[in-house]
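Residue-level listing of the chains:
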Amino acid sequence: MKTIQNKLSVIAALLLLMLVSSCSKYINLKPEDATYDEVFWKSGANVDKALAGAYGSFRSALRQDAGYFIFGSVPSAEFVFSGNFWNYQDIAYNGNFDFGYAPYLEGTVWNWTRFYAVVNQCHLIVENTPGIDESLFEGGADQKNQSLGEAYFLRAYTYFYMTRIWGDPVVTKESLKDPSNVQPIARTPEAEALDYCIEDLLKAVDLLQPASQLEAPTKASKGAAQALLAQIYGWKHDYANAGKYAQDLISSGEYALVSGDHFGDIFKGSNSESIFEIFMKHDDANKEGAADFFGNFLHSPLIKDKDPYYAWTPNLELFAPIYDTTNDLRFKQTFGDYDGDPYLKKYANVNYYDPTQKSVYVVDNNLVMIRLADVLLLRAEAAYKTGDEGTALLYLNQVKARAGLEPVTISGEDIMEELMFERYRELYGEGVLAYDLIRMDKLKDWFPDQYSADRLAKKGYYWPLDMRTLLPQNILLTQNEWWKNH
Amino acid sequence: MIGVIRTTLLVFFGYCLFGITEANAQARTVSGVILDQKNGTPLEGATISLKGGGSAVADAAGRFRLSVPAGKQTLVVSFVDYDPKTIELGAGQDILTVRLSEKTNKNLGDVVVVGYQRQSMKKTTSSVQVVSGKSIENLPAPSFESLLQGKVSGVNIQNFSGAPGVRNTFTVRGNSTIVTDLNSNVDDAKTLSTPLYVIDGIPMSISDLESVSSTGTNYLAGINVNDIESIMVQKDAAATAVWGSRGANGVILIKTKRGRVGKPQLRAGVYSGLVEKPKLMRTVAGAEERAQKLDLMRVYSNYFQLATIPQVLSDSLNPAFNNATDFQDLFYQKGSVSNADLSVSGGSDQLSYRVGMNYYDENGIVRQTGFKRYSLRGNFDFRITPKLNMNLNLSASRLDRKVGLGRGRNEVVPIDGTNMPSSFYKPSEADLAYFMGSYDKIKDKNQTNIFNGYMQLNYDILPGLQYSLQGSISATGDNRDRFQPSEITTDGRSFASSEANRYQQYYVANVLTGSRTFAKNHNLGITLSQSFQLDDKSGNSITGYNVPDDNIRVVSGIPQKDLSASSYAKRAGLLSYMGQFSYDFKGKYILNASWRADASSRFGADSKWGYFPAISAAYILSDEKFMDKISWIDLLKLRGSYGLSGTQPDDFYAPYNIWDVQQGTYNGTVIATPSFNKPISLPDLTWNKSNQLNVGFDLYMFKNRLNITVDAYRRNSLNPLLDLPFPFFTGYTKQYYNAPLKILNEGFDILIQTRNLGRGSKLQWTTNLNMSINKNRIAALPNGNRTFYANSYGYNQQLIYQVGSPIYGWAQMKYQGVYNNQAQIPVNPLTGQPISYFKTYYPVKPGFPIWQDVNHDWDVWSDEDKGEATGDLVATGNPNPRITGGLYNEFNYKNFSLGVLCVYTIGRDIINTFESSQYTNVWNYGDINTFASHRLPDLSKVNYWRPDQSSKNPNYSADFPSLSPYGPNYYQFFPFSTLWNENGSYFKIRSLTLGYNFDRNKLERFKLQGLRIYSILDNIYVFQKSKVPDAELVSPQGEYRGTAYPLPRKYTLGIEITL
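Chains A and B, in that order, are what the protein sequence lines are.
Those letters in the first sequence? Residues 1 to 486, per the working numbering, in order.
Those letters in the second sequence? Residues 1 to 1059, per the working numbering, in order.
Warning: the hint list may mix true and false statements.
Claimed, not checked - To give an idea of the interface, some chain A residues facing chain B are shown, with a C-beta separation under 10 Å as derived from the structure: (1) 24; (2) 50; (3) 52; (4) 114; (5) 115; (6) 118; (7) 120; (8) 121; (9) 169; (10) 284; (11) 288; (12) 473.
Claimed, not checked - Cut-off 27 Å, straight-line C-alpha distance, at most; resulting in silico cross-link-like pairs (DSS-like, lysine-lysine): (13) 268/A - 561/B; (14) 30/A - 608/B; (15) 537/B - 30/A.
Since the hints were made in silico from the structure, they are not lab data.
Values in this document were obtained by computation on a predicted structure and should not be read as measured data.
Ideal placement from N, C-alpha and C gives every residue a C-beta, glycine not left out.
Okay, chain B solo, but in the shape it has when bound:
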C-alpha cells in the first residue's frame, strides 16, 4: 500500500516539476510585501500576478516572490475584499511594497485554512466560522475554549465546573461519545466528544494528552488567551475529513499572533479583579433546624418512638450541640484574578518576530483551589533567500493548579455535599484548619510544564509551486507530589506520593502546494502531503504510607511493605497521506475534493489503513449577471459537502489483548489473567467511522448590514469503539470493539450578524445572534437493536440506550403527585388489594407518591429481577440540550465601547440528585441519631404530606410525599422516579465589557501609540426555571450533584498600553 502511494506521489511531483519548469525558462525575480493600507497588517494569501501568466501568494508576513520576464511588466495585486491594484513594474525594479485598501465588505476577507490549503472565506465550500482573538482578549479565564461559548454556531459549550484550570465540555454538532461506565472515575469532560485542536499547525489530541495527567489540569490552559490571533471552528466533513481518523468531532484551528513588518512595538497589559463568593443554598441552622427536625419527629412518630429523642436535639443547652454552623460556608471564600501580558513585535524584510510573556493567577473561591500560569511564546519568520523562508514558533508554559481538599476527581470540598453534618456541631480546631486550608503540613503540588517547538521551511520551487517541510516537538511534563501527615488521614497513617508523567509528540509533514490559473478563468489548486506523528507517553508513580516523620514530606525512609511503585511506557504512531484538490471557474462555481489515508498503530493488524474522502461544492449565485438587478444582495452562496472522518481509540494498544499481572498473588505466585479492565478486542479494530452531509448558504444583504449563514447537517457516527456488556458465558464482562451502533446528530447552525445603525451614525451597534439546534439519537444498536441499560454517575437513575432515544437519556418511573387520601388509591379489582410499590412489599397508603403503573401489574417497580426488560420504567429525561447559542451586542460611541454577551440553552432536562440525597437522608436508614446529626434540607417552603393535616381536613392536598424519619422507605426519594427532574433551560448574561480608547493624537505627547482601559463583569445573571443554583452548573449527564465547583462572578479592571 505504502509503495503504491509513494510511487504515485513521486510521479505526480515529477510531473509538476517538469511541466511548469518548461513554461518559465528565463525569469528574473521580484520580491516584496503586501500590506493593508490602513494598519500595515500583512495580507497573508494576497495574490500578485503577472499579466500574461504567473502568480505568487503572499506568506504570513505578507511577503511574496515572483518570477517575471525581463523588461517592463504589469502586475495585478489582489486579495479578497480588498480593492485590486495594478502596478507598472519598471525594467530594473525588483523590490516592491504594495498597500491594498479594504473594500467595504469585511467578513469575507478572512483567510481560512482547510487542511493544508488556504482559501478565502468567499471561496470556501465548507462550514467554518472564524472567531478573532480580539473578541476574547482580556476576558478573565484561564483558557480560550470556554470563552467561545455563545460565539460560534454549531458548538455547545457548557461550563459545568467553575474550577480554574479545569476543562469543560466542548462539543461540535452534538455528542457522539458514549461512556458506558460512568462510575469508573472518568473525568466529566471526557464523557462527551471533544474536537481535534490544531495549534499553529500541530494537531493535538486533548484526550491523549490528558491521559497522562495526574493533576486533571486542562492542557489548553497552557495557551495564553492574549496570544491568540484567531480561532477557526471547522464543522463539516469538507474541512474535517482532511484530518482523517481524528476529525470526526470537529476541528479547532488556533493561530497565534505573529510579528508584522514595521518598527518594533511594545505592548503591555494588566488586568486584575475580584471573584465573588458564590451564593449558597439556604441552610436551616441552629434553632430553626432543631424546630424542623423535632416537628418531623412529632408529626410522624408513634408514642414509643418519641421516647428516644437524640441528645443532639434534646440537649439544646449543651455547648457541644448549640451551634449554628453552616458547613458549606467554611469552604468558600472571595477569590481574585490577575493577569499581566507583555509582548514585543516587529520585523524587517529578513525577519519578523513577536515575543510574548504572560502571567495569570486566579485564586479560587473554594479554599485551596487556584490556577497559575507562566507562559512564554516567540514566533519568528525568517526570509533566508527570496525563495526560501522559515517560520519558527517556540512556546513554554508552566501551570500550577491547586486542586482543593476534595477526595475524588469530581469533588472539590472535603465533605461530601450529601453527608454534611448538622449545624449543631462546632468543628474542632483541627477540622477548621483542614477545611480552611490553613493546614500547613499538608502538601499537594501539581505542576504541568509544556514545551512546544514548531518549524516550517517553505521553498518556492517555481511560481505557484511550493514545498514545505513542517516539524514539531512537543513535550508535556506533569507532576503531582502529595503529603498528608498522620493526624489528618482517616486511617492514621501518614501518606506521601510522587507521580510524574511525560507526553512527547513528534510531528513531521512534507507538503507540496501548487496553484495555477488556466485560460484566465479556471483556477486549480492541488496540495499533496505526507505526515507522520509519534506519540510517546511514559510515567511513574511512587506511593508510600508511614513516612517516618511528619517533617519528611516526600517518599523517603518508608518501610518496604508500605511502598508501592509502578511505571508505564506507551507509544503510538500515525502515518498519513493526503491530497487536496480545488477548482473554480471565475470564482463562481467552486469544487473541492480531498482524500486522506491514515495508518495508525492503534488499529488492528488487519485494518491498519483508513481512508477518508470528501467532496464539496459551492455556487456563488450573487456573482451571476442576472443577480445584478437585485442590488440589496451582496452575496449569496450555496454550499454542500459530504465526507468521511473518524475517531481514534484512546487506548494506544487497543487491538492487543493485554494480560493483567497486577492483581497480586495466589499462594505467592503472580496472578495473570486476561485483562478484564481492558476488555477483549479484535484484530480488525479500526477507526470509528462518521459520515456527514452538510448543506448551507451565506446571504449578505444591504451592504452587509444583515448577514445570515445557515447550515443544515446530518452526521452519522457508525461503529463507535465502545466497551459494551458482553455475554457472561465468555468470561469477559466487556468487549472493546467497533460496536454495530449508529448515532445520528442532526441539526441546524444559524448565525445572524447585523449592523443595526447606518454607516454614518456616530453610535455603532452590531449584533451577533447564533443558534445551534441539535437532535441527538441512537439509530441502531447491537444484538438486533436490543435496548440496554447503564448506570448513571453514583448509580442514581438508570440510563437507557434504545433506538430513537438520545445518548445518556434516562429511564425512570413517572412521578405524578401525592396520594392525599385513601379514596385516591387504586384497588386491584381481582384481589381487592391496593396498588403496591417495590414488589408488593409496600401497599400504597396516603402520603405515598403517585407512581405510574406502566405495565399494569398493580405493582410499581423497575422489576429488574424478573425477565421483564423494563418493569415500570419509561424513557424520560434528555440531558442533551436541544438549542444552544448566544447573543452578542457591541456598541461603539466615539472612544467608548460596550460589549454584552448572553448565552442560552433551551430544551434540556436536568436532575437534582443532590436534593434527592438530602431528602433520602431524612429517613437515613431509620436511624434517628443519624437523622439528627446530619444537615436537613430547607423544608419551610415544601408542602409535604402530613398525617396531622390529613386527619383534620378531608380535602387536604399536599405537593410532596410524606417525609417521615421513621419510614416506610422504599427508596421513594431516589432519583429513579421523575420527582427530581427539572427544566434545565437558561438564559445567562455572561459578560459585559466596557472599554475606553484614548485618542491617538493626544497620546503622541506621551510617546504612546495606544492606551485603553476597560472593565469586565463576568457571569452576571442567569434566568432559569430550575431550583438548582445555576442551571449550567450540572454535569454533562444533566445531574446537579451539589459538589460541583460554582461558577463565580468576576469583576476586573484592566489597562493596555502600546508603545
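Same shape as in the complex, but just chain A:
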C-alpha cells in the first residue's frame, strides 16, 4: 500500500510541474483559421489581395442601392420612377431633387462610411507596401510600384468621389493606429481635399504602368491617373491644368474611340476606349456579376416576367428631343424599347448562367467609369475656357463624328451649351452627368425651378449627411449648409 501511495504522490507532483510549465504556451494561442495584421504584410501576393480588397470595397460602395447611379444620374433628371420606387421620387426630377427625403436609402445617400473603408484600405497598402522587399513581388520593382500607384490612385478617386457628392470631406491621411484614442476630425475644405487628391495622383502617374502594359482597364493605369487629374482640375475650374493632363492622355496614343457601330459594346468592358472600369462581369466560379445593379434598368422581355413598373425609366420625354434620332448612332444603342416601354440599353448583357434556376439572372457588363469620349469633351471644355475655341470644336466634333454626326461650327457660350448637350447624348446613364451639371454651372439654366439662387449659393446640389448616425461618432461634423433647414 505504502509504495502505491508514494508512487502516486510522485506522479501527482510530476503532473503538477508539467502542467505549470506547459500551460503558459496555451495562453498565447494564435488564430489558425485566419490571417491577421501581424502576419499579413509579408508578400507581394498579399498586396494584390489587399488591392483586390480596395477595388472590391469600392465596387460594393458604388453598388449599394445602385448608389452610383443615384448620385450620378438621378440629379441630372436622366430617369423617372414608378410607384414601385416611391422612395426615389422625391430625389428625382419630379420631386424637385429634394435630397432631404430618401426613405430606406438614408444609409446609402446620407452616409459615407463605406467609402472610408476604401480609404483606410488604401492607407494600409500605401503604408505597408514599401516595407516589403521588391523580390517578394512576382513582377519585381515594376509590380511593387504599380501596386503602390494603384493605392494612391484609388485613394484619390475615393476622396474626389465623396467630395462631388457631399462637399467637404473629412480627410484622414493615415490608417488607424491607436483605436483607443481617436480624436474627432473636422471637415476639410473642398479645395484642400482636392489638393490632397492631386498630390496622390502625381505620385500615381509616375508609379503606374501605361494601359498597354496592363491586362485590363479594371486596374488603374497611368492613363487613368492622367484622366482623373484632368477631372479634378476641371472640378476646381483650373482649366489650364485640366487641359494639360487631358492632352497628355490623348497624346499618349494609348486609347482610341471605338467605331460608332460598336458604341454599345463599350460597356461590356475592356476596349480601346475604356480608361478605367470596375469589374462586374460574371464567371461561374467567382460570381462577381450581379442582377440588382444594372438590372434596375431592365425589364421584360429582357428579364423574364419583370414588369416595366419595376425598372428605372429613361426620361425620354425630356431628353429624346436632344437626339438626332435618325443619324445619331448612339441613340439606338443607348435606349431600347419594348412595346412602348423604353429602357436604358447600355448595360443589357443579360445572362442566365444557371439553367436550373430560371428566375436568377446576372448582367454581364463592367462599369465603365472613365472613357476617352468623356476626356475628349473635357479637353474641349478646357480649351474653350482657356480661350482656344478652335481646339474646343476639334474635340467636340471628334466625338460627334464617331456618332455619325456632321461637325458643328459655333462659337462663344454656345460651345458650352453644345458640350453639355453632347455630354448627355454621349454619357447618358453612365453616372457622371450630375457632376457635369455642377462643374459646368448649368443647374441654374437647366433646372431653374429646382435650383434657386439661394440653393446654389448654399451648395444645395450636395447631398445631406445622416447626422443622427454620424454626429455621435464625430462631434466636429457639421451638416451641409442648405440641408440644415431643408
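Using the hints, position chain B against chain A.
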C-alpha cells in the same frame, strides 16, 4: 509572473507539509463512515475530531480517516445542525460507523461549496441559495434551469419561448450584457447575461458551448433533471470572485446524485402527459373578414377608389375565395410529453455508485417540433486506501431536436406572423402537406451528443491536509443535416447541407486544502489551487444546391459551382491560480478572503493576467450571550462582502485583427480586407470588470417557523467588451473594445420561508416567498457620456442608451390619443398652419393620432436627418422587470402532498410589435389588392376614428386613430410611437403538483421500499393586464413579435417505484 506564483506555492506547500508532519509523528489510523441516523444519507462535511487535537472531514460518501495516537481515545463527531456525538474509541478499534441525528433546525445543514472550499450554510459569508433536486423532480421540462423560476431570489428567469429544448434567459441580479446589433441573427437568449455553470466541478461556459451549435439546442437540456441532487445559486462577489474572469454574472453549481453506502437500491419512475394546443388570437375569417374589409373600404374611400374592389372581396361565390381558413390553426397541434428514469445505487466501504438512465420525449405543439433526450450517467466513488480515494463521473447524452418549419432562428412557423394570408384562400395540397409537416421528402436532422468524464483523486497527506487532482474531458458534437426537394424551395433548386461542430474541453486542477483549529476557538482553513482549461472547437459545413435527384438527400453529386464548404478551428486556454482563506472565532466571527489570477489566451498580449480579490465577513449575533434572552430568535447572522469578478470575451481570438478573405474576388483575385464583421480590437483587451458589494442578514425565528434572508447589492460592471459605433472616418464601423461604460445593477433579494402550522399539526403547510428587486441603469457612456441609439430587433422602435436609462430601453414619440375634430388640432400662431407630422409632409387632420411635440418645432418626427440628437423622441419603455419572484406553497397531509408554485413579474414594459405590423398591413403601401389578400386584425372591439361617425356627431370621440386602407400613411402604426406599449406585469400559477406516497409498511408485502404516484399541471393560468396571449412570452427586449413559440399547458401523471 508565473514563476513568482509557482515559487510562492511551493514554499507554502512545503511549509504546510513540514509544520504539520512534526506534530503528528506516531499515529494509527481510524476510518469509517458518518451517516444520518434516520435515512442513512452520508454526511459530507461532518467533522470527526480527537480530544486534544487533530480532526478529519467526511467525504461525499460520508467516509473519513483520522490519525489517532495509540490507546483509548475520545472522539467528537459533529456536523452543523446535527447533534454532536462523543465516542469512546477502544484501544484496538480502527473502524467506526457513526450515526448522527438531525437537530430541529434543518436549513443550516446544507453544505455549500464556495470555490474549492466547503462551508456550512451557517458559516458561509456569501449570498447563496440552495435548491434541492427534490423540488424540481419530475417536472415536465427538458432542462432544469427553467424550473428554477420563482424558486430563487435574485434570479430572473423568463420563458420567452416554449419551444422544447431551447434555452431561455436566466440572469442573476440584473442584466449587464448589451448586444448593440440585435439584427445580426443573434439568439434571443444571448442578449442577456448568462451565469457560469459548474457541473459536478467542471466549469462550463454556455455561451462558448453554444457558439458551435448549428441546431440552437440548449446544452443544459443534456442533463437529466432527475439526476440532480442540488443546485446552488451563488450571487455575490464572495462566491463569484473565486471563478475569476467568468464569474461576474453569477455562478450556478450543479451537483448530481451519488451512491450511498448501503444495499443496492433500484428506483424507477415514469411520467407521461398531454400538452395542450395553445389558445390562438382570434382570427376574423370568411364572411366576417369580408364584411370588415369592405366596411373599411366603404368608410374611407372616395367614389373612384370604390370602383376597384379586389376580386378576392367581390367574388364571394368563387370557390377559390370563399373559404374561412385560419392559417394560424394549421401549425399547432396537441403535444405530448413522457419521461422514463431508471437508477441503481448502492455502496460499500470500498465503492459506492449510482447509475442512472433517462429517456425524455416531448412532442411540440407546433408541428415538426420536439425534443428527445437519451442520457446515461454513472457516478462512482472509490476508496483505494484509507488515505486515497477517487471519484469518477461519466455521463453521455444524445439530444434530438426538431426545430420546426420556420425559416429564421427566432421563427418556428413557416409563415411569418405579420404576413399571414387572408382566410379566403384555401391552402393547396402541397402547402398543407408542408404546413402540417407531413411532407416526407423534407429532412432536418439535428443531433447533439454530449460526453463528459470527470475524475477526482483525493489524497490525505496529513489529517486536515488534503491534496486533490481533478481532471475532466468533455466532448460535444453537434450535427445538422438538411434536405429540401426542389418543389418546395422558393427558387426551385433542391438544397442539401451537412454541418458538424465539435467542442472539446479539457480541464485539470490541483487543489490543496488545509484546515486546523488553534487554541480551541480559532478555526483556520486554506485552499490553494492551480487549474488549467483548454477549449477546442472546430467544425465544418457543406452546402449544395441542385442535388441530382430528390431521392438523394445528402450532399452528393452536386455540380461544382453549386457547392460550398468551409471549416474552422479555434482554441482558447485559461490558466488560473487561486487561494482561499477562511477564519472564524468560535464559529461566531467569520472572515473569508480569496484571490484569483486568470491568464487567458482571449486577452491581449499586454493584458494576459487578470486578478480577482474578494473579502467577506459574517457575524452570528444570535450566538452572543446577551442574545440568549431573546429566545424566539434562532439565528441572526449579518453578512457583508466585496470583490471583483469578470466576463470573458466570447471571441477566442478577440485581441487579433483578423483579415476577412471570404468576400469573393475582384477580377479573379481573392479580396482581403480587415474584417469589418469582427471590428478592430486592441492588444490590451482584457476581462470585463465587475465589482460587487453585498450586505445581508439571515434571521430565523420561532423555532424556524419564520426564516428571512435579505440581501442588498450593488454590482458595477465596468468597461464591458462591446462593439460600439466607431468614427466613420477610420473606415471601421465598429470597434470591439473595453468600452468606457458603466452599468449599475442595484437591488434587493428577499427570501421568506414559513411553516404556517405548528409542529404537531397533522397538516403541514410551508410557504416560500421570494422577491428580486432590481434596478438596471447605465452610469457612464463613452465619448463624454454621449447618448447613442441602436436598432431594436426588426428595426421597430429605437433603443436609447443614455446615462440613467436602462439597457434596451426604448426611445419613442409619445402617443396621447386621437384628434377627434379640427378644433382640437393646435395651430402654429406664427404661420397659421396646423401642427404637422413627418417633416411637414403631413399636416394633421382629424383622425390622426396625437403625438407630443416635444421640441416645440410644430412638427413631430424623429428628425434623424437634422443635426438634432433626438427630435421628438423621448425615453419611454423599460423591458427590464423591476420585481420578479415566486410564491410556493406546499401542503402535506398524511401521505398526500400538494405543491403550488406561482411566479410573478412586476414593473415591466412590453411592446406589441406584432399587432403593430398587422395594423400597418391595413394600408399595405396603398395597394388595395394586398390589403384584401392578407390577414386582418380583429377590429370588432376597436373604436377607431371613422369619418362617417365624425360628420354625424360633433362630440364624436374615438380611442384609436383612423384606419384607412387608402392612406395617408406616415408610419403611424409603427411602434416608434408609444401606441403599442403595454404593461407587462403578470402573476402566473405556474405549476401544481399533487402526490401520494404509499405506506412503507403496506409496501413491504410487495417487497417495495417506496411507491409514489403524482400528477402535475404546468403553466396553469396567468393574470395580466396586457392583451398579448401571455405576458411572459415576449422577447428579452420586451417585444411581442407574434412568432414566438407559445408556452403550453401540460398535464402529466407519474409513478415512482423504489425497490
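A quick look at each hint next to the structure:
1. Annotation: interface hint on residue 24/A holds; nearest CB of chain B at approximately 6 Å, less than 10 Å.
2. Taking 10 Å as the C-beta cut-off, the interface hint given for residue 50/A holds, the closest approach to chain B being about 6 Å.
3. A least Cβ separation of about 4 Å between residue 52/A and chain B falls short of the 10 Å threshold, and the interface hint therefore holds.
4. At about 9 Å, the closest approach between the beta carbon of residue 114/A and any beta carbon in chain B falls short of 10 Å, and the interface hint on this residue holds.
5. The beta carbon of residue 115/A comes within 9 Å of a beta carbon in chain B, closer than 10 Å, and the hint placing it at the interface holds.
6. Against a cut-off of 10 Å between C-beta atoms, the interface hint on residue 118/A holds, since the closest Cβ of chain B lies about 8 Å away.
7. Checking residue 120/A against chain B by beta carbon gives a least distance of about 3 Å; that is within 10 Å, so the hint holds.
8. Interface hint at residue 121/A: satisfied, since its Cβ lies 6 Å from the closest Cβ of chain B, which is below the 10 Å cut-off.
9. A hinted interface residue such as residue 169/A counts as satisfied when its beta carbon comes closer than 10 Å to some beta carbon of chain B; here the least separation is about 9 Å, so the hint holds.
10. The beta carbon of residue 284/A comes within 5 Å of a beta carbon in chain B, closer than 10 Å, and the hint placing it at the interface holds.
11. The criterion of a C-beta within 10 Å of any C-beta in chain B is met by residue 288/A, whose closest approach is roughly 6 Å, and the hint holds.
12. Taken as an interface hint, residue 473/A checks out: its beta carbon lies about 4 Å from the nearest beta carbon of chain B, inside 10 Å.
13. Among the hinted pairs, residue 268/A with residue 561/B is consistent with the structure: their alpha-carbon atoms are about 24 Å apart, no more than 27 Å.
14. Between residue 30/A and residue 608/B the CA atoms are separated by roughly 14 Å; this keeps the pair inside 27 Å, and the hint holds.
15. For the given pair, residue 537/B sits about 14 Å from residue 30/A by alpha-carbon distance, which is consistent with the 27 Å threshold.
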